[in-house]
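Protein chains in written order, with numbering that gives the first Met the number 0: chain A, 0 to 362; chain B, 0 to 362; chain C, 0 to 362.
If you are wondering where the hints come from, they were derived from the structure by calculation, not from laboratory data. A hint or two may mislead.
Stated by the list, open to error - With a Cα cut of at most 25 Å, we get these calculated DMTMM-like pairs of lysine to aspartate or glutamate:
(1) C/Lys279 x C/Glu194
(2) A/Lys44 x C/Glu208
(3) B/Lys279 x B/Asp168
(4) A/Lys353 x C/Glu333
(5) A/Lys279 x C/Glu333
(6) A/Lys327 x A/Asp294
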Amino acid sequence: MRHRIADIATALGARLEGDGAIEVLRAAEAGQAGPEDLALAMSPKYAETLAGGQARVAVLWEGADWRALGLEAAIFVPRPRLAMAGITRALDEGPGIALGLHPSASVDPSASIGPGASIGPFVAIGPGTEIGPGARIAAHASVGAGARVGAEALIHAGVRIGHAVRIGDRFIAQAGAVIGSDGFSFVTEEMSGVEEIRRTLGHREEITEQGWHRIHSLGTVEIGDDVEVGANTAIDRGTIRATRIGRGTKLDNLVHVGHNVEIGEDCLLCGQVGIAGSAKIGNRVVLAGQCGVNDNIFVGDDVIAGGGTKIFTNASAGRVLLGYPAVKMETHLEIQKALRRLPRLAAAVAGLQKAVSKGDRTD
Amino acid sequence: MRHRIADIATALGARLEGDGAIEVLRAAEAGQAGPEDLALAMSPKYAETLAGGQARVAVLWEGADWRALGLEAAIFVPRPRLAMAGITRALDEGPGIALGLHPSASVDPSASIGPGASIGPFVAIGPGTEIGPGARIAAHASVGAGARVGAEALIHAGVRIGHAVRIGDRFIAQAGAVIGSDGFSFVTEEMSGVEEIRRTLGHREEITEQGWHRIHSLGTVEIGDDVEVGANTAIDRGTIRATRIGRGTKLDNLVHVGHNVEIGEDCLLCGQVGIAGSAKIGNRVVLAGQCGVNDNIFVGDDVIAGGGTKIFTNASAGRVLLGYPAVKMETHLEIQKALRRLPRLAAAVAGLQKAVSKGDRTD
Amino acid sequence: MRHRIADIATALGARLEGDGAIEVLRAAEAGQAGPEDLALAMSPKYAETLAGGQARVAVLWEGADWRALGLEAAIFVPRPRLAMAGITRALDEGPGIALGLHPSASVDPSASIGPGASIGPFVAIGPGTEIGPGARIAAHASVGAGARVGAEALIHAGVRIGHAVRIGDRFIAQAGAVIGSDGFSFVTEEMSGVEEIRRTLGHREEITEQGWHRIHSLGTVEIGDDVEVGANTAIDRGTIRATRIGRGTKLDNLVHVGHNVEIGEDCLLCGQVGIAGSAKIGNRVVLAGQCGVNDNIFVGDDVIAGGGTKIFTNASAGRVLLGYPAVKMETHLEIQKALRRLPRLAAAVAGLQKAVSKGDRTD
């Protein structure tokens with residue numbers, strides 16, 4: 000599809016200079032951009048590659064001299080990363096799910112599908128479900144009995160939406176995501192070893208052989224508007240109440256969300272983050288890749304945790320965390336510095352012991 | 000479905016007081032319970048919310064005065080968490096897989112399906128398979144050639160059971176679980192860097208360019224009775240012998256079990272745990288979320304490891320572990336305490352060095 | 000299927016002694032091998048079990064006396080692990096995907112499928128796709144619009160290949176793998192907390208409430224020849240350019256590869272490894288299970304990282320890494336040793352302080 004760059008500039012709310020009638024097919028990095036591409040060159044470091052290339056039009060850093068770069072037009076953006084949101088949205092042609100209902104799809108007669116939906120091959124939509132208008136559902140996705148998905152959903156191939164799950168508008172789920180698996184909740188007849196060591200911080204009196212009784216998950220999952228869930232991510236349903244994900248929160252690939260968890264609004268949970276059962280996460284929390292959150296704790300609003308941070312205890316709002324176990328990022332950096340000096344420190348202490356004992360002897 | 004609370008009490012083996020003929024539709028937390036709910040209030044802390052609510056009947060802590068709480072009946076349980084197993088089992092209405100064979104399913108004529116099975120849309124069951132009586136298999140699940148699944152299985156949407164896999168009775172697999180992927184096993188023509196550093200603990204003589212030859216997985220996966228596998232969990236087949244998961248063991252979401260691994264009975268492996276190839280895990284082992292177990296080691300019976308513990312070497316039976324690398328939990332806590340004091344310790348040593356050298360000088 | 004052991008020896012390029020006409024059905028570990036098995040006994044430690052068993056033929060360690068072990072023939076291999084590659088390849092009967100197009104599969108008329116393909120039940124192949132000759136595609140796999148997969152691919156059940164993805168020859172994808180999910184890329188209108196703490200190393204001036212704008216993924220994924228991808232692994236597409244995986248690289252189960260990542264040739268990424276967006280990994284890099292690589296960094300050629308290593312900063316070629324944060328393996332081992340002595344060190348310092356202050360006092 001061809002896009003007039005004047006339209007792109009308007010969509011971005013950005014300043015255009017030069018010939019706005021030029022049309023582009025796609026975006027390209029400065030070095031690869033050809034005459035039908037919108038070159039992305041939002042920093043002066045791209046000046047040289049751009050000038051040597053074939054691009055006719057580019058998105059440039061504020062203050063760039065587009066004519067000197069050999070361009071015929073340019074779009075100027077104050078915050079390049081933000082502009083990327085607008086540019087990529089404007090040029091996204093989507094995953095190519097054909098409009099209408101694919102003849103191989105299985106839609107229960109009691110399901111309600113909104114107008115303008117695109118439903119791919121072998122999609123299975125169960126009884127009593129509600130799918131909002133404009134939904135795009137790719138091959139092999141399944142929507143369980145009584146589930147509800149809001150307007151304009153984009154559900155990629157093989158996504159599993161379990162029975163009774165409730166999801167807001169503009170939901171995006173990457174391939175293989177599972178919403179509404181059963182919680183992982185088991186109990187022994189007598190006190191278990193895990194219950195014991197939580198009380199004693201590691202000591203066990205006597206070890207007995209016990210099996211596990213399953214606690215079934217009667218709750219569901221409730222997801223707000225504008226939520227995105229990554230590939231092969233799994234979100235468990237609650238035991239009695241619902242597991243909840245707030246409006247605007249985004250989950251990356253392979254994220255694990257346990258039963259009864261509540262996640263606030265506008266959070267980012269990056270790849271392979273794990274949230275154990277009944278944890279409560281505030282608003283605007285950012286957890287970098289491979290972070291873990293213990294069960295039954297809370298993580299306050301605006302907490303940011305670096306990659307691989309394991310949060311074992313409650314974290315107050317606004318904290319910046321790092322480490323295993325999680326500590327304030329500055330504490331972590333201090334400890335790491337001290338750790339690297341630790342062998343030297345040990346040598347210094349050995350030296351002191353020798354000096355002092357020698358001092359004793361010579362007294 | 001309506002449930003008489005006298006029946007629920009009987010199923011739980013619990014004491015009922017008041018009107019056992021009352022019927023409930025579902026369970027609810029104390030604060031949300033309405034007149035058709037069984038309120039869950041197993042601790043005195045719920046007394047107030049319960050008294051102010053609309054519940055007619057509740058599960059209560061031993062010694063509670065149900066009449067004073069405004070109830071018409073009450074069930075009393077000695078171990079609340081255990082009671083949850085019975086209550087949720089009694090009230091679970093299941094994922095709504097319709098009885099019988101969905102017309103869109105593809106079942107090979109040579110497959111043997113037990114009586115009372117429910118097989119959903121687009122399920123693919125390969126040649127020579129055996130599915131036990133009472134199985135429930137949701138949309139898009141696949142069972143490979145020659146695989147065997149025991150009685151009363153509950154197989155959620157999109158589960159992948161590979162060829163020749165053998166699974167016991169009452170198996171539960173959450174959506175997207177993969178049983179019987181190939182092992183990750185590769186070899187170089189000459190000794191590889193990995194083989195070298197395992198010998199030298201980190202030193203490499205000379206780095207050569209080498210590619211990988213694939214070791215194919217001829218083995219299968221064997222799973223005992225009463226095993227549960229979480230959403231998007233992956234269990235690799237063995238190279239020659241089978242990968243084995245013992246009776247009663249439960250795996251959470253996104254768990255990775257490598258080739259040739261043997262896991263004993265009644266274990267719990269929580270979310271995102273990873274077990275590398277040929278590791279051996281004993282009975283009743285509990286690994287909290289994001290734990291890792293090195294290849295070719297053993298973890299003894301009744302070991303419990305806290306969240307994120309990385310077990311690099313053999314762990315004796317009964318150990319309680321924490322940390323990266325794993326140490327005894329008490330050692331870990333001690334080290335962490337010392338670590339937080341490390342900057343202060345370094346300052347103390349610097350002070351001592353000054354004092355001692357000054358002492359030297361004044362001598 | 001029966002295999003003449005003379006043929007197996009030829010395929011391995013290995014020396015055969017005894018009766019090469021003997022036929023075997025499968026391979027078995029030394030202790031379990033029956034008369035129709037090829038016993039695997041590549042080390043003298045198997046001598047006893049083998050001599051006591053029923054095997055007629057075995058793969059033996061160099062120098063073994065096969066007649067004394069009661070065998071009728073033997074294959075001798077110099078590097079046992081390497082021999083396993085040849086033996087298992089020769090005996091692998093595959094997952095049993097029937098040749099030809101299953102009648103339930105949905106193949107768009109504009110798709111081009113090479114000769115000799117095996118396409119299973121409910122496979123969905125989109126418009127404009129190209130599937131090379133000899134491909135085996137198991138049940139429920141999907142290939143999005145315009146994607147290209149090379150010759151001799153083995154694509155297991157439920158694999159998701161997104162639109163426009165380009166993959167080389169001899170590709171293997173385990174069940175549930177996702178190639179071409181959207182990148183996880185979001186931006187706030189003003190500078191976000193994450194951007195701030197990257198600059199300040201943990202300090203935040205003022206916390207403001209902000210939501211996330213989505214950066215769409217217009218790029219694709221490009222995968223070289225001889226690549227293997229594990230079960231439920233997810234590989235994101237690039238934002239503008241492609242995410243790239245080089246020839247010969249193997250990814251294990253549940254691996255996460257973020258957008259724009261470039262991985263070189265002949266790498267091994269073990270179970271649950273995570274590579275954050277725009278990271279660059281060299282050739283022959285080996286990352287053990289649960290490693291993490293930060294976004295926008297590079298990991299040089301031939302780097303090897305032990306289990307759970309979290310790489311936050313650029314790693315030079317040839318480094319052997321361990322730890323969180325990653326340090327040289329020898330440094331890590333040294334630090335761990337010092338850590339275990341830390342409580343004792345603290346006691347020594349306390350002792351010294353007492354001694355020195357006493358010395359002061361007695362002066």
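Do the hints match the structure? See the list:
no. : hint                : verdict
1   : C/Lys279 x C/Glu194 : holds, 21 Å
2   : A/Lys44 x C/Glu208  : violated, 32 Å
3   : B/Lys279 x B/Asp168 : holds, 23 Å
4   : A/Lys353 x C/Glu333 : holds, 23 Å
5   : A/Lys279 x C/Glu333 : violated, 38 Å
6   : A/Lys327 x A/Asp294 : holds, 20 Å
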